[in-house]
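Participant: In this text, residue positions in the sequence shown follow this note's numbering: the first is 2, and each later residue adds one.
Hints may contain errors.
Pairs of lysine to any residue, SDA-like flavour, derived with a Cα cap of 25 Å [to be verified]:
1) Lys11 x Glu68
2) Lys147 x Leu257
3) Lys83 x Ser120
4) Lys182 x Glu68
5) Lys182 x Ser120
6) Lys182 x Leu216
7) Lys182 x Asn193
8) Lys182 x Gln247
9) Lys182 x Leu132
10) Lys11 x Glu161
11) Lys147 x Gly229
Hints in this document: simulated from the structure, not taken from any laboratory.
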Amino acid sequence: MDIQPQTELKEYRAADKLKGKIALITGADSGIGRAVALAFALEGALVAIVYNENDGDAQTTKQMVEERGGQCLVIKADVRGKAACLDAVQQTVDRYGGLNVLVNNAAYQAAQSSILDISEEQLRRTLETNLFGYVFMIQAALPHLKEGDAIVNSGSIVGETGNPILVDYTASKAGIHALTKSLALQFGELDNGVRINAVLPGPVWTPNIPGTMPLEEVQKFGHEVALGRPGQPEELAPAYVYLACQDSSFVTGSLLHVTGGKLSS
Numbered sequence: 002m003d004i005q006p007q008t009e010l011k012e013y014r015a016a017d018k019l020k021g022k023i024a025l026i027t028g029a030d031s032g033i034g035r036a037v038a039l040a041f042a043l044e045g046a047l048v049a050i051v052y053n054e055n056d057g058d059a060q061t062t063k064q065m066v067e068e069r070g071g072q073c074l075v076i077k078a079d080v081r082g083k084a085a086c087l088d089a090v091q092q093t094v095d096r097y098g099g100l101n102v103l104v105n106n107a108a109y110q111a112a113q114s115s116i117l118d119i120s121e122e123q124l125r126r127t128l129e130t131n132l133f134g135y136v137f138m139i140q141a142a143l144p145h146l147k148e149g150d151a152i153v154n155s156g157s158i159v160g161e162t163g164n165p166i167l168v169d170y171t172a173s174k175a176g177i178h179a180l181t182k183s184l185a186l187q188f189g190e191l192d193n194g195v196r197i198n199a200v201l202p203g204p205v206w207t208p209n210i211p212g213t214m215p216l217e218e219v220q221k222f223g224h225e226v227a228l229g230r231p232g233q234p235e236e237l238a239p240a241y242v243y244l245a246c247q248d249s250s251f252v253t254g255s256l257l258h259v260t261g262g263k264l265s266s
């Protein structure tokens, strides 16, 4: 299965939907996060990206943003630590003068055919990256956000359907969905005017797929959806733009499915 993640957005047509906005995107060194960073930059946003390990990939994202006329602050941080999240937000505010959009996209997954094979280390890493990190980033960002600003979380369709070889990952994604809905209600009670939503990708071809899944799963990945193929990261980016910009001014607490027809029931 010779497929490469497509993040270039060669056919994307921007319309200044995020002009003058400042956006911080976690997990943006590759895959969906990279495509979102590029789309935001094309829409006029000043971009900061957070990554954990892959220095070369992060620099590639920065280069791609700058080649498209944007600015990109690169921050190496492990979102499992609250102090690192606070520092990432502060670096963004210091560099650009504020923050308008937070995209929580950092993720970790490891496939196991039996729950008995999920080690304590794997469970902690999955939940701390995929759920704790989202909470920590929101706690760090929220004091800087104001009415009309937005938070976009990366959920997953498997958080609704389940997946037999990604038990801990699906649990973390279901938690993200609940977090998104609950915070939308809380923000409404606080009347802070901040919107929070989640994008739920279906099977999307990112570096995580061949890197973390068994070969037999990789070979059939995405074939079960109505469109008969996996999605590409660049096909997800417009959904994040929509939820970050004023086109979605009456949308909060929503889970936006971008799944190629993979349904939750």
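Participant: Each of the hints needs a verdict: does it hold here or not?
Facilitator: Hint by hint, here is what the structure shows:
1. Lys11 x Glu68: 12 Å, holds
2. Lys147 x Leu257: 23 Å, holds
3. Lys83 x Ser120: 23 Å, holds
4. Lys182 x Glu68: The given pair, whose Cα atoms are some 37 Å apart, is violated under the 25 Å limit.
5. Lys182 x Ser120: Violated, at roughly 30 Å.
6. Lys182 x Leu216: Given that 25 Å is the threshold and the Cα spacing comes to 35 Å, the pair is violated.
7. Lys182 x Asn193: 15 Å, holds
8. Lys182 x Gln247: Cα-Cα ~19 Å, so holds.
9. Lys182 x Leu132: 14 Å, holds
10. Lys11 x Glu161: Violated, at about 32 Å.
11. Lys147 x Gly229: 41 Å, violated
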